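In the order they appear, the protein sequences are chains A and B.
Numbering of the first sequence is given in the working numbering, commencing with residue 3 and proceeding in unit increments.
Numbering of the second sequence is given in the working numbering, commencing with residue 3 and proceeding in unit increments.
The set of hints was computed from the structure by calculation and includes no laboratory data.
Check before you lean on any hint, since a few could be wrong.
[Stated by the list, open to error] In silico DSSO-like pairs for lysine-lysine, Cα to Cα no more than 27 angstroms straight-line: (1) Lys179/B <-> Lys266/B; (2) Lys225/B <-> Lys280/B; (3) Lys37/A <-> Lys193/B; (4) Lys209/B <-> Lys38/A; (5) Lys179/B <-> Lys82/A; (6) Lys82/A <-> Lys162/B; (7) Lys244/B <-> Lys266/B; (8) Lys258/B <-> Lys82/A; (9) Lys55/A <-> Lys280/B; (10) Lys93/A <-> Lys67/B; (11) Lys93/A <-> Lys267/B; (12) Lys179/B <-> Lys52/A; (13) Lys154/B <-> Lys267/B; (14) Lys209/B <-> Lys258/B; (15) Lys10/B <-> Lys21/B; (16) Lys181/B <-> Lys217/B; (17) Lys55/A <-> Lys181/B; (18) Lys240/B <-> Lys217/B; (19) Lys193/B <-> Lys52/A; (20) Lys260/B <-> Lys55/A; (21) Lys209/B <-> Lys260/B; (22) Lys260/B <-> Lys154/B; (23) Lys260/B <-> Lys93/A.
Just so it is clear, the structure is predicted and the values come from calculations on it, not from any experiment.
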Amino acid sequence: MKNSTFIYIEEFCTIHNIETSLVHQLVEFEILTLKKTDNKEVIELEELPKLEKMVRLHQELEINPQGLQAIHHLLEQVNKLQEEILALRRKLNRFEE
Amino acid sequence: MNFIDYYKILGLDKSATEKEIKSAYRKLARKHHPDLNPNNTEAEEKFKQINEAHAVLSDSEKRKKYDQYGKDWQHAEEFEKARSQRQSQSNQNNYRQYTYTGNQESDFSDFFESMFGGGGGFSGQQKSTKFRGQDYNAELRLNLTEVLENHKRTLTINGKNIRITIPAGIEDGQTIKIKGYGGDGIQGGPKGDLYITFSLLNNTSFKRDGANLYKTIEIPLTKAILGGEIIVETLSGKVKLKVQPGTQNGTKIKLKGKGFPIYKKNGFGDLFITFSPKIPTNLTEQQKKLFEELENTGLK
Chain A
3 MKNSTFIYIE EFCTIHNIET SLVHQLVEFE ILTLKKTDNK EVIELEELPK LEKMVRLHQE
63 LEINPQGLQA IHHLLEQVNK LQEEILALRR KLNRFEE
Chain B
3 MNFIDYYKIL GLDKSATEKE IKSAYRKLAR KHHPDLNPNN TEAEEKFKQI NEAHAVLSDS
63 EKRKKYDQYG KDWQHAEEFE KARSQRQSQS NQNNYRQYTY TGNQESDFSD FFESMFGGGG
123 GFSGQQKSTK FRGQDYNAEL RLNLTEVLEN HKRTLTINGK NIRITIPAGI EDGQTIKIKG
183 YGGDGIQGGP KGDLYITFSL LNNTSFKRDG ANLYKTIEIP LTKAILGGEI IVETLSGKVK
243 LKVQPGTQNG TKIKLKGKGF PIYKKNGFGD LFITFSPKIP TNLTEQQKKL FEELENTGLK
């Protein structure tokens, strides 16, 4: 793993002023996956926007980890439904003049 | 630049308590938070307004200034200057300068910046930590024929020219991510990403579903009955098609590989042609007679 592709969880939590337990709960709820390097927990940059979004919701809207799990689940469903609507619209377009 | 009624934005009246302001802000922020309303620019705009209103009304100093000048905010600076001059004359050490070190200038209205100074509005302390830059979203409108082949295009995003390759076969409504072309990172943090959503205008006579194309073609009734050949336009030129004798209305034929390019793969989808025999109207007397004769032969 290259240095530039991950961030240490400890460092992330210090920067954002959050407890590492919040990140661990998000992992437990299968919202995030962490990796280990040099015996330290890290998050890959690809996963970072997801974690940042959860932290924003937690800090700005005071949503607890259980609420974050529900939001994450619902947002995934919204995304899937939006993709489905788009695909159906394309199909419908074939029958519209 | 217009006056902004922050109380109205939060649905409050001027006598609102701190608790009521916080409660109204939380309620509206939960409803309009951009993370809960992906790709909804209206919600994003509303969220910015709510944040701005909260930034002013939850800060006693700013609220005082806002309440004091109200609609006369344009003269606030002059009043402030005159007042601070008076104060500095009476007490040189009493002068206090406000600085705002927020880093999301664009999130605040001109009205806000004019009244409270440019650059954010939260009197937060400058942090030395690194933050990833903001992600940008953009929409690109293209004709369907423009995505028949990979092509390069230069876009201007926030004053910067960005040259991107648009892959052939991209879908209407599809979003692609251009890594590192978002806002600048803060304190040396990585740049955000640019998300481009494509809006395709179908300027062809084909219907598209993924890489497959569809078209209904009218054929003369006689050709549907007796068979023959017709010329069909495809995206890659004209092709000659055989019409089988006794072709029914709705008969479909597939032209393999004559569809749209498959996104990020080699090859093309298929073109599906549906035949629609045209029933003649305004027959001449002679044609009518011939049809009657056909009917008399027992043709149904």
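Problem set entry | 27 angstroms limit on alpha-carbon distance, applied to hinted pair lysine 93/A and lysine 267/B | 22 angstroms, holds
Exercise. Is lysine 154/B within 27 angstroms of lysine 267/B, Cα to Cα?
Worked result: 18 angstroms, holds
Exercise. Between lysine 258/B and lysine 82/A, does the CA-CA distance stay at or below 27 angstroms?
Worked result: Measuring from Cα to Cα gives roughly 31 angstroms; hence the hint is violated.
Problem set entry | Satisfaction of hint between lysine 280/B and lysine 225/B, Cα-Cα up to 27 angstroms | With Cα atoms ~10 angstroms apart, lysine 225/B and lysine 280/B stay inside 27 angstroms; holds.
Exercise. Does lysine 93/A lie within 27 angstroms of lysine 260/B when you go C-alpha to C-alpha?
Worked result: Status holds; Cα separation ~19 angstroms.
For this session: Would you mind confirming whether the straight-line C-alpha gap from lysine 179/B to lysine 82/A stays at or under 27 angstroms?
Result: Holds. Lysine 179/B to lysine 82/A sits at ~18 angstroms (cutoff 27 angstroms).
Exercise. For the pair supplied as a hint, lysine 37/A and lysine 193/B, is the alpha-carbon distance within the 27 angstroms limit?
Worked result: Cα-Cα ~23 angstroms, so holds.
Problem set entry | Proposed proximity, lysine 154/B with lysine 260/B (alpha carbon, max 27 angstroms) | With a Cα-Cα distance of about 24 angstroms, the restraint between lysine 260/B and lysine 154/B holds, given a limit of 27 angstroms.
Exercise. Taking 27 angstroms as the top limit, are the C-alpha atoms of lysine 260/B and lysine 55/A close enough?
Worked result: Violated, because 43 angstroms separates the two Cα atoms, which is more than 27 angstroms.
Exercise. Between lysine 82/A and lysine 162/B, does the CA-CA distance stay at or below 27 angstroms?
Worked result: 33 angstroms, violated
Problem set entry | 27 angstroms Cα cutoff - pair lysine 193/B, lysine 52/A | It holds: about 16 angstroms lies between the C-alpha atoms, which stays within 27 angstroms.
Exercise. Given the hinted pair lysine 55/A and lysine 280/B, is their alpha-carbon gap at most 27 angstroms?
Worked result: 58 angstroms, violated
Figure legend: structure checked against the earlier numbered hints; hints not met, in rising order: 4, 6, 7, 8, 9, 10, 16 and 20.
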